[in-house]
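S.K.: Sequence:
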Amino acid sequence: MYRLIALMLLWVCNQPLAKEFNINISEGLSFHLAKEQIEDIFTRIYGPLDIQPSFHYLPTQRGLQWVDSGRFDAEAGRAANEMSAYTQLIAIPTPLATVRLAVFCLKPELCHINNDSDIITIEGSLITTSFCRRTKLTCHGVKNNVSAFQALTRHHSDQLLATDHFSIGSLCNSGLNKIYMRILPAKGIVIRHYIHKKHQALVPKLDSIIQGMMKSGEFAAFIDRINNGFADCDGEIIKLSNHVPASL
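Letter by letter, the sequence shown follows residues -18 to -1, 1 to 230 of mature numbering (1 follows the signal peptide of the UniProt record, and there is no 0).
Just so you know, these hints were derived from the structure itself, not from any lab.
The reader is advised that the hints may include incorrect statements.
Straight-line Cα separation of at most 20 Å, SDA-like style, residue types lysine to any residue; simulated pairs [claimed, not checked]:
#1 179 to 169
#2 1 to 52
#3 169 to 52
FRET-style restraints, in silico, Cβ to Cβ [claimed, not checked]:
#4 96 to 18: 32 to 42 Å
#5 90 to 133: 12 to 22 Å
#6 44 to 80: 25 to 35 Å
This one's a predicted model, so the numbers in the text were calculated from it and none came from an experiment.
For each residue, glycine too, the CB sits at the ideal point set by N, CA and C.
Whole structure, please, built from the sequences with the hints as guidance.
M.R.: Here's what the structure looks like:
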């Protein structure tokens, strides 16, 4: 009996310890309806590699610095054209998604932006920060998606500038039951997954896994679940046409 116990203890002690693998996700998504779905999709991506990732929600700059320094292992998803400063990160070639900038408002006639407007954005969004700077808009960041939509109801501003897919996922927690959205007439923005270069050997494996999930429709279903989340809580998103372009 004692010998059996000793053998079992020896077997346990000789098992390799699971190595931590930390993925940073933008803090703005920590209040997001799709938070569990985002974590689930990355758990599925890393599952075939026998990696069980842990997820962290840090402010954008700190989170990216931690990944770039190697303290964290990966960045969940970022706009490819906003990552040049983070030289230690490697993009997985196959994009996770393509997003568009959109204006959200409570009345259709308010869904235009111009240089005289004070526009709400979500802190930590490199996409909207870059757009506001480039177009010289007056933008005011709030902490997360829920606060951003609530700011519309409190009339802090008439417009919210955000991305089309991942912003929608927080609407159920906003207290709204209807909102208008006008997608800006600009090309889509590619979102990619990034890992620290110390994990460079994982790049082709991750790329193959993501490609497979794209071909199977798993990623399309993931985006659809986010987009349909507001309808699941009896909310309505009314998409406006771009016949009258937003003036900048």
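S.K.: Give a verdict on every hint.
M.R.: A quick look at each hint next to the structure:
| no. | hint | verdict |
| --- | --- | --- |
| 1 | 179 to 169 | violated, 29 Å |
| 2 | 1 to 52 | holds, 14 Å |
| 3 | 169 to 52 | violated, 32 Å |
| 4 | 96 to 18: 32 to 42 Å | holds, 38 Å |
| 5 | 90 to 133: 12 to 22 Å | holds, 19 Å |
| 6 | 44 to 80: 25 to 35 Å | holds, 27 Å |
In the structure shown, a violation is registered for the earlier hints numbered 1 and 3, in ascending order.
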